[in-house]
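2 protein chains.
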Amino acid sequence: MFYVILYDITKDRLRGKIAKVLGNYGLQRIQYSAFLGNLKKHQLSSLQTKIQDLLHHKKPENEERKNVQIYPIPQYSWKNKQVIDNSHSTAEVKSVQKAEEKKGKTPELI
Amino acid sequence: MFYVILYDITKDRLRGKIAKVLGNYGLQRIQYSAFLGNLKKHQLSSLQTKIQDLLHHKKPENEERKNVQIYPIPQYSWKNKQVIDNSHSTAEVKSVQKAEEKKGKTPELI
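If you read the protein sequences in the order shown, they are chains A and B.
First residue of the first sequence: 584, per our numbering; consecutive thereafter.
First residue of the second sequence: 584, per our numbering; consecutive thereafter.
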C-alpha cells in the first residue's frame, strides 16, 4: 500500500531524525516535511513504532509540536496530484528531488 | 472529491496567505502546513488559480521554497489515517484543531 506521511516537528534535530528514518524505509521525499512511498504491513508497523519512540523519547517543551500523520492512498492519488511550484532552482526541495532521481527512484513519484 | 493539500513555503507572509485561502475554501487544517477537505471541481480549479497567482506574484529569492501539492484522496485515506503526536498541549496544531471543532467542522477529519 502507498502512504503519504506528513510531519510537523518544531525541533530541527528530531525533524532530521524522522526524515532519516522515513528515507531508510525507501520512502521518497516529496516536500520538506512530507514523504511518499510503498510500505508492506510489517514495514508500516515497525515504522510506526520507531516514530512513536522518537516522538515520545522526551517530554514536549512549551509550544513544541511533534506531530506525524500517515495516510494510506491509492495510486490515483499520487498519479493525479497537482504540483504548483515557484521555488528558487537551488532550493532544497528541488535538490532533494534531483538526488532521489539520481539514486534511480521512480521519478513519477515526485 | 476529498483533497489533501501540503505546502512548503519559506516566507511567513506568503505561507499565511496560502493558509488563509485554504481556510476560505472550507478546508480543515490538519497540520501546520497541511489542509484536508472536500472540493467541487470548479472550487478546485479556482483554488489552483489563486495558489498559482500567489506563488508566481514575485520571483523567488535565493533558496526560497514555494511549493504546493494537491492530492485527491478517497474517504478511506483519512478515515484510516494514523496520527502520532506528542506536542505540548498549547502548541499551535492542537489550538488550531480546537478552533476548528468549535466552528462545528467535522471532528473526525482531524
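No lab work stands behind these hints, which were simulated from the structure alone.
None of the values given here were measured: they were computed from a predicted structure.
Please note: incorrect hints may appear among the correct ones.
If chains are identical, the list can't say which one is meant, so a pair holds when it fits in one copy or spans any two.
[Claimed, not checked] Under the rule of at most 27 Å between Cα atoms (straight-line distance), these lysine-lysine pairs were calculated in the BS3-like manner:
hint: 1; residue 1: Lys-624; residue 2: Lys-642
hint: 2; residue 1: Lys-642; residue 2: Lys-664
hint: 3; residue 1: Lys-623; residue 2: Lys-594
hint: 4; residue 1: Lys-594; residue 2: Lys-624
hint: 5; residue 1: Lys-623; residue 2: Lys-642
hint: 6; residue 1: Lys-624; residue 2: Lys-603
hint: 7; residue 1: Lys-664; residue 2: Lys-594
hint: 8; residue 1: Lys-662; residue 2: Lys-624
Going down the list of hints, with the structure as the test:
1. Lys-624 / Lys-642: neither (29 Å within a copy, 44 Å between copies)
2. Lys-642 / Lys-664: Intra 36 Å, inter 24 Å, cutoff 27 Å: inter-copy only.
3. Lys-623 / Lys-594: neither (29 Å within a copy, 37 Å between copies)
4. Lys-594 / Lys-624: neither (29 Å within a copy, 38 Å between copies)
5. Lys-623 / Lys-642: Answer is neither; intra-copy 31 Å and inter-copy 42 Å both fail.
6. Lys-624 / Lys-603: within (20 Å within a copy, 37 Å between copies)
7. Lys-664 / Lys-594: between (29 Å within a copy, 24 Å between copies)
8. Lys-662 / Lys-624: both (22 Å within a copy, 17 Å between copies)
The structure fails to meet hints 1, 3, 4 and 5 from the earlier list, while all remaining hints are met.
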